[in-house]
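S.K.: Position chain G relative to chain D; hints supplied.
Heads up: the protein sequence lines correspond to chains D and G, in order. With the working numbering applied, the first sequence covers 1 to 214. With the working numbering applied, the second sequence covers 1 to 214.
The set of hints was computed from the structure by calculation and includes no laboratory data. Check the hints yourself; a few may be wrong.
Identical copies carry no separate label here, and so any pair may be met within one copy or between two of them.
[As the list claims (entries may be wrong)] Result set (SDA-like, lysine to any residue): computed pairs, CA atoms no more than 20 Å apart in a straight line: (1) LYS193 - GLU137; (2) LYS193 - PRO182; (3) LYS193 - GLY163; (4) LYS113 - GLU58; (5) LYS193 - ARG169; (6) LYS144 - ARG87.
Number of protein chains: 2
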Amino acid sequence: MQIAILLYPGFTALDAIGPFETLSNLPGAETVFVAEQPGALRNDNGTLSMLADASLAEVARPDIVVVPGSPNALAALETGAVSAWLRDVDRTTTWTTSVCTGSLILAASGLLKGRRATSHWLYLEELASYGVESTGERVVFDDKYVTAAGVSSGIDMGLALAGRIAGDRVAQSIQLLIEYDPQPPYDAGSPEKAPADIVEEWRGRKVETGSLFA
Amino acid sequence: MQIAILLYPGFTALDAIGPFETLSNLPGAETVFVAEQPGALRNDNGTLSMLADASLAEVARPDIVVVPGSPNALAALETGAVSAWLRDVDRTTTWTTSVCTGSLILAASGLLKGRRATSHWLYLEELASYGVESTGERVVFDDKYVTAAGVSSGIDMGLALAGRIAGDRVAQSIQLLIEYDPQPPYDAGSPEKAPADIVEEWRGRKVETGSLFA
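Looking at chain D on its own, in the form it has when it is part of the complex:
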């Protein structure tokens, strides 16, 4: 079972690492980070680099594809190579997945038309503009397409997918070993729960690259 995690300049690190940490230890899993060119890719704020060990061409038939998001996700599609690769590998994947605005990358590549899917709360309207039934749910399964909401939701998606693939007992073991017993010190993790003025502030200015508070 090959799991391909897509990297591109400006990706959000936790978008990739949530699914990675929950899926890469599944029995029989072989995980590979893939990008247009192998080598180092910087994250959205430029302070982290991860390596892509393989080029898109080297990963032709992954069983699972994971597409992380970015504040500037559509930049990943500039050369056309990522969209072409996604459309190609999607013909044979068992699961095609995304976290955060990774769903915009899937949708802009033509893979989510008419399907239910989610994204970061700030981008749900943009997702709908691709003919997607956009929902604010945290993890959405529609046939083999699995999408997760903003950044940290990839952990929940990874565990749900681990359960579908390997059964509840394995998924529970993974949850126990990563000690995923969340105790956030605030209750501000969704636009419904955060203070209204904070939500309005962020709705007013789309986050692009760089520091959130710069």
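M.R.: Just chain G now, kept in the frame of chain D:
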């Protein structure tokens, strides 16, 4: 405000990325990944590489230190360089922090003696063996020493620390932007909550490197 995140061969990726994603966007933050030698470091199961942009010697006075864990954390101390660096920078840090078995690295470097601290649930006894008041709490503040439990708890630690550093409003903004509204599909994230037989199975075999289910 310089934030130094330590990398070493075999680190657990989410241990580093939880604090990274919650702290690196703080106002005025400059984040640097640091290791004995700059360059690529492989994670615990060998399928992910992150880059250290700086050597230990190049990061002499960080304000915040983050030490991620590993199933084989003490291997990070083999040459003595990491312990020497931690003891040195700790003299001037504002916060010295760890996630998961990163607390074993701090403790083995002599920095947690007599303090309250936490670790991954499988390693609480080992932590106590260093003269630490070991507790199973998820995030523990003792003066400037902040320790978090297993792997995913670094997200909770990062948010708590963001609040101390920059105030509740900034921390809530970060939580909202990473959409940290956890909805795990199982309730197995701690030894108290997971099925007892799964807990016993993992207590019986300490996880070293490689795939959990190999």
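S.K.: Can you give me the call for LYS113 and GLU58, within, between, both or neither, at a CA distance of at most 20 Å?
M.R.: neither (27 Å within a copy, 50 Å between copies)
S.K.: State whether the alpha carbon distance between LYS144 and ARG87 is at most 20 Å within one copy, between copies, both, or neither.
M.R.: Classified as within: same-chain Cα gap 14 Å, cross-chain 50 Å, threshold 20 Å.
S.K.: Could you figure out if LYS193 and ARG169 sit no more than 20 Å apart (CA to CA) within one copy, between two copies, both or neither?
M.R.: Close across copies (13 Å), not inside one copy (32 Å); limit 20 Å.
S.K.: My question is about LYS193 and GLY163: at a cut-off of 20 Å on alpha-carbon distance, are they close within one copy, between copies, both, or neither?
M.R.: Between. Shortest inter-copy distance 17 Å satisfies the 20 Å Cα cut-off; intra-copy 28 Å does not.
S.K.: Reference check for the pair LYS193 and GLU137, CA-CA at most 20 Å: within, between, both, or neither?
M.R.: within (14 Å within a copy, 25 Å between copies)
S.K.: State whether the alpha carbon distance between LYS193 and PRO182 is at most 20 Å within one copy, between copies, both, or neither.
M.R.: both (16 Å within a copy, 12 Å between copies)
Checked against the numbered hints above, the structure breaks only hint 4 and satisfies the rest.
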